[in-house]
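Number of protein chains: 2
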Amino acid sequence: MKAHLVTVGDEILIGQIMNTNVAWMATQLNLLGIEVARMVTVGDTPQAIHNVLKTAFSEADLVLMTGGLGPTHDDLTKDAVATFFRKELVYQQAIFDHIRQLLESRGRKVSDLNRVQALVPEGFEVIPNPIGTAPGLWNTFEEHGRKKYLGMMPGVPFEMKAIMETHLLPRLTTLSDTIILHQTLLTVGIGESNLAELIGDVTKFLGDGTTLAFLPGPKTGVRLRLSVRATSKEAAEQSLQKGITHLWNRAGKYIYGEGDTLPEIVLGELLKKHGKTIATAESCTGGHVADRLSDIPGSSAYLLGGIVAYCNSVKKNLLGVSEGNLLTHGAVSEPVVRQMAEGIREKTGADFGIATSGVAGPDGGTPDKPVGTIWVALADKDGTEAHCLQLFKDRILNKEYTTTLTIDLVRKRLLANTA
Amino acid sequence: MKAHLVTVGDEILIGQIMNTNVAWMATQLNLLGIEVARMVTVGDTPQAIHNVLKTAFSEADLVLMTGGLGPTHDDLTKDAVATFFRKELVYQQAIFDHIRQLLESRGRKVSDLNRVQALVPEGFEVIPNPIGTAPGLWNTFEEHGRKKYLGMMPGVPFEMKAIMETHLLPRLTTLSDTIILHQTLLTVGIGESNLAELIGDVTKFLGDGTTLAFLPGPKTGVRLRLSVRATSKEAAEQSLQKGITHLWNRAGKYIYGEGDTLPEIVLGELLKKHGKTIATAESCTGGHVADRLSDIPGSSAYLLGGIVAYCNSVKKNLLGVSEGNLLTHGAVSEPVVRQMAEGIREKTGADFGIATSGVAGPDGGTPDKPVGTIWVALADKDGTEAHCLQLFKDRILNKEYTTTLTIDLVRKRLLANTA
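Just so you know, the sequences run in chain order A and B. 1 is the number of the first residue of the first sequence in my numbering; add one for each residue after it. 1 is the number of the first residue of the second sequence in my numbering; add one for each residue after it.
Calculated from the structure, these hints are not laboratory results. C-beta atoms are modelled at their ideal positions from N, C-alpha and C, and glycine is treated no differently. Each statement offered as a hint is correct.
Derived list of chain A stretches under chain B, where covered just means 3 residues or more per stretch with a C-beta under 8 angstroms from a C-beta of chain B: (1) 8-15; (2) 36-49; (3) 313-320; (4) 337-349.
Computed list of lysine to any residue pairs in SDA-like fashion (alpha-carbon distance at most 25 angstroms, straight line): (5) Lys161/B x Pro362/A; (6) Lys219/A x Gln101/B; (7) Lys161/B x Ala37/B; (8) Lys2/A x Thr20/B; (9) Lys412/A x Gly189/A; (10) Lys219/B x Ile17/A; (11) Lys393/A x Lys272/B; (12) Lys369/A x Ser105/B; (13) Lys219/A x Gly252/A; (14) Lys253/A x Glu104/B; (15) Lys381/A x Ser313/B; (16) Lys2/A x Asn51/B; (17) Lys393/A x Ile127/B; (18) Lys253/B x Gly383/B; (19) Lys369/A x Glu104/B; (20) Lys54/B x Asp61/A; (21) Lys381/B x Gly275/B; (22) Lys147/A x Gln47/B; (23) Lys272/B x Pro362/A; (24) Lys219/A x Gly107/B.
Sequences and hints are given; from them, build the entire structure.
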């Protein structure tokens, strides 16, 4: 079953508010095997609403509309929809009574504008709104022998969700005939195109209805989103499992997690599980590694703290980096980053000490060490490893990627240690 | 001028990611007097892309598309657009050279898939992508005697923004016929509704075409965006200046900057100007204060470094916080946060030492110190001040607001010292 999501609202078209409704609705519909083929936002005008409905019902079986059901004069959706279906608006006393009751329970007076909210296109079913004044509406009709469905809801996110959860989702479950399943695998340390080559065309391998999307980001690394489609739950699960196995076989060494996670969440779980602690010594990342580690609730169980050693005197006095190394090799060098990682481990008593030192940019590059040259190191009881990264020209991207890669370094060491 | 925003991407249709691009783009276009009449998201299929372009160009003069320009086989936008305009795809060696250069500078190999990114519909203009591999594209044509414009960009938000800011927005400015000017004043330390009361109805004061938007954010404080609209540049400039003066008169003591700035940028300029240095001692913010200070290019001139004192032993051993204060008052207390600020100043020799210690949440609250109880302190040669904030239940929001307020504390002290 195909769906279009239609949003009516000028406040979205001028960029004042983000359309968070459609992402939530799409997730819910997907879980029922209903494919969202299009999302459209239009303004509060009869012509725009008419045009969008015409296209929607020519391409989709289900149209869910939100917005424009409020009591003010810029809420024109119901009028426009009634005109589209050539229906009259009919006053329903029961809706008005519900609105009056709700408002009075909040100490507010009912106004003439609320009467407009009790108008319903003839023949439409009224869907109760458990928490607001504007009810949802539902209409079923046939076109060229195909059943078509229209659901209308207010645009206020928590009212929309309440109506969906209590009434529309249970109803839609009975209408769908396709099962769609997704899984996301998260990788770090490899680019989108190299990953694509490594994996090959998973669509060919798994057959029609399967898609693999590559979603890169400096905080997550490249996410691989696998989607499969089938007519039974069993077939879909089997196909998804087959695809996941294929991805792990081809790209397993780069995968750090599945689903909606981040490197710092995965590492945090591992540190807790093994009772290990961590501390940071940061130059070019300027505190961002500690910051991301401490974003995770409960991180005080394993994050002892860290030192932001931005100037050389802090590297020397607080981390014990030697003057000799700073003079001979410079702050952005393997000997210095190793001493930083070992120094923070010693100062805090953490199991893992991690360190970063690099040229974040935009200035400060030299022919030997251009912007994006970044050393990272990891020290534990077994020794210290250091790596040189060649990243970007952008300061913030460099901080973010370096943090992602450094955090993942600890995960790999921890897994190797406990294998 | 009317615009449609078209997003291509299955990841949005399944609800996995929120379409943040269109809100940002709509805001930018509005400021140029370009009206966004529709936003549409469709999947990566040739038919969907064809249909959406057909509708878009029948209703709008300008169509901006994002997504589907990456190197992998699920990126079909360019093919579909070429077919729509009945153009061939032409290989451009210069694009491929740029991609190779960019990837090699990151230590990555160029792959055959990247060659696909060098294909361009015949006659389309190539818009450079300053930070990624997929270039933007631009096409101008005439239909029924009306000029029409198509801009295409990758869907990765920071790449889209880079292309818009460096190339497309300046170009679109020359196409619009209304003069819209805007200025943003940034405030910290006061909420949206109190600020609105303080300022009064600026629209009435300045007349039609003027709007004042209140844009709250944990990183900036409440931004006041004043927009004026006129048919001549002179009239617009006069009106804008009048509005800015009004805002400074009413709310000047909360304003820390104008335009596109941040507390850490404003503070950085002041520290450089007065030759002062700063260092951080962070508990609940976990490195976020140092992180934001170090986001600013050139911050190594004034940021010496910091200590993330997440556990009490780091507070004692590295910052010199007394065992007695920790036992008697707890880590979230005035005596401890004062010792942290003084300790980091002493350890690093910085002119200003700033410190945070609080209950970030979601757990760890007590009846005495509920989640959101946060102490901040500032130490310099003249003494130490400390403040208790009562913030939110959300961990990330608490870290962000605390950082914003702490940074602004230094600005105020520095201004008072040098007044």
